[in-house]
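Quick mapping for you: the protein sequence lines, in order, are chains A and U.
Residues in the first sequence are numbered consecutively from 26, following my numbering.
Residues in the second sequence are numbered consecutively from 3, following my numbering.
Be aware that a few hints might be false.
[Claimed, not checked] Using 27 Å as the maximum straight-line C-alpha spacing, the simulated BS3-like pairs for lysine-lysine come out as follows:
(1) A/Lys421 / A/Lys278
(2) A/Lys256 / U/Lys72
(3) U/Lys166 / A/Lys132
(4) A/Lys445 / U/Lys223
(5) A/Lys109 / A/Lys216
(6) A/Lys216 / A/Lys270
(7) A/Lys317 / A/Lys188
(8) A/Lys154 / A/Lys212
(9) A/Lys371 / A/Lys170
(10) A/Lys212 / A/Lys170
(11) A/Lys366 / A/Lys132
(12) A/Lys445 / U/Lys166
(13) A/Lys328 / A/Lys445
(14) A/Lys317 / A/Lys282
(15) A/Lys364 / A/Lys109
(16) A/Lys278 / U/Lys166
(17) U/Lys166 / A/Lys282
(18) A/Lys154 / A/Lys317
[Stated by the list, open to error] On the chain U side, residues computed to face chain A include the following (Cβ under 7 Å):
(19) Gln131
(20) Ala132
(21) Gly251
[What the hints assert, rightly or not] From the derived model, a few chain U residues whose C-beta atoms are all more than 10 Å from chain A:
(22) Ser130
(23) Gly165
(24) Thr270
Derived from the structure by calculation, the hints contain no laboratory data.
Yeah, the Cβ is synthetic: ideal placement off N, Cα and C, and Gly gets one too.
For reference, the chains in residue letters:
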Amino acid sequence: MKRRNFLSLTAGAAAATGLAACGNSGPADTTGGGSGGGDAATYWFLSGPPGEPIRQGAVDRFNKANSGNQIKVTAIQNDTYKDKLKTAIGAGQAPSIIWGWGGGGLKSYVDAGQVDDLTDWFAQNAAVKNRLFPASFGPATVDGKIYAMPAETVQPIIMLYNKEAFEKAGVANPPQTWAELMSILPKFNDKGIAPLSLAGQSRWTNMMWLELLFDRIGGPDVFNNAYDGQKDAWSNPAAIDALTKIQELINAKGFVKGFSSVTADSNADQALLYRGKAAMELHGSWSYGIIKADGGNFIKDGKLGFFNFPAVDGGKGDPTNVYGNAGQFLSISSKASEKQKETAKKFFASLLDDQEQQGWIDSGGVPIVQGSNSKLASSPDKDFLNFIYDVSSKAKNFGQSWDQALSPSSAETLLQNIAKLFQLQITPQQFATNMNATIGK
Amino acid sequence: MTIAPPVVRSAPPAASSGGRSVSVSWMAWPALVAFTIFGLIPLAGVLVLSFSSWSGLTQNVPFSGLDSWKSVLTDPGLPHALWITFLIMALSWLAQTPLSILLGVFIAAHSRYRSVLAVLFFIPLLLSQAAIAITYKMLLDPNFGLGASLGWGFLQQDWLGEGKLAIGVVIFVVSWQWIPFHSLIYQGGVRQIPAAMYEAAEIDGAGRVRKFFSITLPQLKYTIITSSTLMVVGSLTFFDLIWVLTAGGPGDSTRALAVDMYVRGFRTGLMGPASAIAVILVLLGLALALLVRRLGGRDAAESQLEGI
């Protein structure tokens, strides 16, 4: 009895460590990169509408046109994608084409020598490079070298609002300044409408507020200094001001009650907006597609409005600055065979053809191709798409989401502190102290 | 007379232990081999990794001595995670044990309606933890959940958005799922108590309550130890439920050790410190299991059926 007990409890404890093994249950049909996976290049990307059929379509057209170069795809759910990919890369089983968000995540692959440098290829194929938004290459670049092909759509973070809720509360126009935003909060609360929807449990949703507030108050340098490792960069007065303002907003009941248990993955935050339980929301432009799919006639009836994040009086930042995803990014695994790499590059050159661009536009996205606004006019969503094209192309600075720019470990510390800040568990000063401690690590 | 066979049965192993253990030991081999491959070897791997600064992305593992251990042991997040783990362990034990014993005693009696109820009680155990967590998350949603739909004020709390409430929810869901399992253990335990004891007590004029406290509870001592060991050691590994319900939040209010380990290893790519936490988890599990055995098992050789 004694020994059996001992064994069973060590097994129990080992089950915890065995969690590590869970990640290994990757898709069975991907035989991986260099390890004799046949000639076909493998390609993993995010599943689910609207992106999956468009990505699949691009691959299908490529496979049809190039009988000598084939691509095998595996679509993976968003929530598990990053963990699965990391495990696969660590095990030397990476797909030949790696779909990702660029930035800090890409840098960690570069540091581990897992992805190929594409700088020379882009130099030889200037046409491929020059037709895309220049800003889209920012997150693809690590230490001056390009490691990824920008693809798909630009997704700035913008304010969405429910026109009906504004009418009910007697607010005529969306707020242009921070002071205006603060002043209209009671009008919504009096009508039982939450002023702002927020999926607080996901944490990066809270972060978007800080990104834009930091920028509006102190310009992009406030975060860039922290990113560059300047000592005590988070104690910058502009940063403290922004952190204080966000806690003021929380104390003024700006966000929907219970926001810290709302998750972005369930799209409950958009639901609050289109069901009229909340008046406004700060979110990525992809929300439009979600509201269009889930919100019934909300968009058709013209109830959705949108505007750029309000300016802060006396702030140094340019009010045209935006944050978000400058594109999605495809890298080539360094473990792929020569043939697979050749296929991948051919595929990159074929991306964002007219058909794919149309697909993204139909889904409510703006392709990262220069002049793609000429295609927007015929779209039923042209108002929104033109707004996104303008916001993205006119921005003085297109900032990358902080958690994508930072290394994964700093990003986690940041998100954890942001969650505590929004819970009012820590003060702006404590936030700054905690974050200063991560600088140089 | 009916009590005699156990005494006879317990004698032979002691007498012929040498001859039998040889012929029987092979039976342990399949389990031992599986345990070595899936338990001990990964465990050794984790121990090795805890002395490295592996990111999980490279094929070679860079060793860095005690760096990972230092960073974990000096991190203020560790005492917090330990405290949360302990809190969940203690409170879920306190919630589960009394209810499980009462339910176990209730369903141990042989009557038809109790058997039907016993089957119904068992249902939560058949559901996967992730499914349970998703369901509760939806039910407790502050804007679209049960409280908001029914309009019941007391249900309209920010259940998963407030630290103390979130821990309460975790413990409630854990108890909801596991009480059936422990009730089953207690049911078995209660059914093994010789009826003669109750008959004797009745002759002495003991009532229902007196019988429960003077016979049932003392007789369940070893069952309580078994069940408590499973609860205490099992609570160390609560991960999926917490991860799906709160992801360790709000803030770090439900960031138990297992969640902390996962975040460090797979979100931030610090496999070294994550492995160090895994080793701490293993040691904690061993220590706790030994402790629980010690608490009630000092006189393990003592008979509980003395005088019968």
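Fill in: Hints violated by the structure (numbers, ascending)
Failing hints, ascending: 1, 3, 4, 5, 8, 10, 13, 18, 19, 20, 23 and 24.
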